[in-house]
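All chains, full assembly: derive it from the sequences and hints.
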Amino acid sequence: MSGIHVLIVTDLEGVAGVLDFDGHCVPEGLRNEAACRFLTEETNAAIRGFFDGGAESVTALDGHGSGGSLRIELLDPRARLQRGVGPGWPGVDGDFQVLAFVGQHAKSGTPEAHLSHTQMFDAIDFRLNGVSLGEYGQLAWSAAEESIATIFASGDAALGREVHELTPQAVFVPVK
Numbered sequence: 001m002s003g004i005h006v007l008i009v010t011d012l013e014g015v016a017g018v019l020d021f022d023g024h025c026v027p028e029g030l031r032n033e034a035a036c037r038f039l040t041e042e043t044n045a046a047i048r049g050f051f052d053g054g055a056e057s058v059t060a061l062d063g064h065g066s067g068g069s070l071r072i073e074l075l076d077p078r079a080r081l082q083r084g085v086g087p088g089w090p091g092v093d094g095d096f097q098v099l100a101f102v103g104q105h106a107k108s109g110t111p112e113a114h115l116s117h118t119q120m121f122d123a124i125d126f127r128l129n130g131v132s133l134g135e136y137g138q139l140a141w142s143a144a145e146e147s148i149a150t151i152f153a154s155g156d157a158a159l160g161r162e163v164h165e166l167t168p169q170a171v172f173v174p175v176k
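In the working numbering, the protein residues as written are 1 to 176.
To be clear, the hints were calculated from the coordinates, so they are not data collected in a lab. Keep in mind the model is a prediction, meaning the values are calculated, not measured. By construction, the Cβ of each residue, glycine as well, lies at the ideal position given by its N, Cα and C atoms. Hints may be right or wrong, so weigh each one.
[To be verified] Computed Cβ-Cβ distance ranges for the label pairs, DEER-style:
{"hint": "1", "residue 1": "Glu145", "residue 2": "Glu28", "range": "32 to 40 Å"}
{"hint": "2", "residue 1": "Pro77", "residue 2": "Gly53", "range": "14 to 22 Å"}
{"hint": "3", "residue 1": "Gln169", "residue 2": "Gly3", "range": "14 to 22 Å"}
{"hint": "4", "residue 1": "Gly3", "residue 2": "Pro77", "range": "16 to 24 Å"}
{"hint": "5", "residue 1": "Asp20", "residue 2": "Pro111", "range": "13 to 21 Å"}
{"hint": "6", "residue 1": "Pro111", "residue 2": "Val173", "range": "16 to 24 Å"}
{"hint": "7", "residue 1": "Pro27", "residue 2": "Gln119", "range": "14 to 22 Å"}
{"hint": "8", "residue 1": "Asp22", "residue 2": "Glu56", "range": "16 to 24 Å"}
{"hint": "9", "residue 1": "Asn129", "residue 2": "Glu28", "range": "34 to 42 Å"}
Here is the structure:
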């Protein structure tokens, strides 16, 4: 991985220990602070792995809502932090060679998924050229258009089917 620049896109719903949306995934939730710490620690594990594997740089994109879920005081200081996905979402630009996901959830309507949705909880499906895509698929597809390989994802176990279908080369680690 020498010389490789990694972008890690984070989300909150697929993090181990995140049990519900209202209590964990919104700033006013009773357990939001714990959920944000869990996300930061899962992200740190991925950051360590990428640097141990020889990555030159790692950027952690705080992708839950408008950003604000990664705790900068706990984040591995070797990583750069980017808050929010910006107006070009789901664009991933060519500054990175590889894309990874931490805390990702399955797409809307996925059987046996935990907190699955696509952008908003009231969306039923999102399709591109007839292929059903969740947030993972939209970003992985966008990255592929820029010749950026998706190589890693962690999140709820149901996401694994989506990862293996869309990006069979990616390593998937279920955390809940």
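Hint check:
1. A hinted range of 32 to 40 Å holds for the C-beta pair Glu145 and Glu28, which are about 37 Å apart.
2. Against the hinted window of 14 to 22 Å, the Cβ-Cβ separation of Pro77 and Gly53 comes to about 18 Å, which satisfies the hint.
3. Judged by the Cβ atoms, the range 14 to 22 Å given for Gln169 and Gly3 holds: they are separated by roughly 19 Å.
4. Under the hint 16 to 24 Å, the C-beta atoms of Gly3 and Pro77, about 21 Å apart, fit the expected range.
5. Look at Asp20 against Pro111: about 19 Å separates their beta carbons, and that is inside 13 to 21 Å.
6. Between Pro111 and Val173 the CB atoms are about 20 Å apart, so this pair conforms to the stated range of 16 to 24 Å.
7. Between Pro27 and Gln119 the CB atoms are about 19 Å apart, so this pair conforms to the stated range of 14 to 22 Å.
8. Between Asp22 and Glu56 the CB atoms are about 40 Å apart, so this pair departs from the stated range of 16 to 24 Å.
9. Taking the beta carbon of each, Asn129 and Glu28 are about 39 Å apart, inside 34 to 42 Å as hinted.
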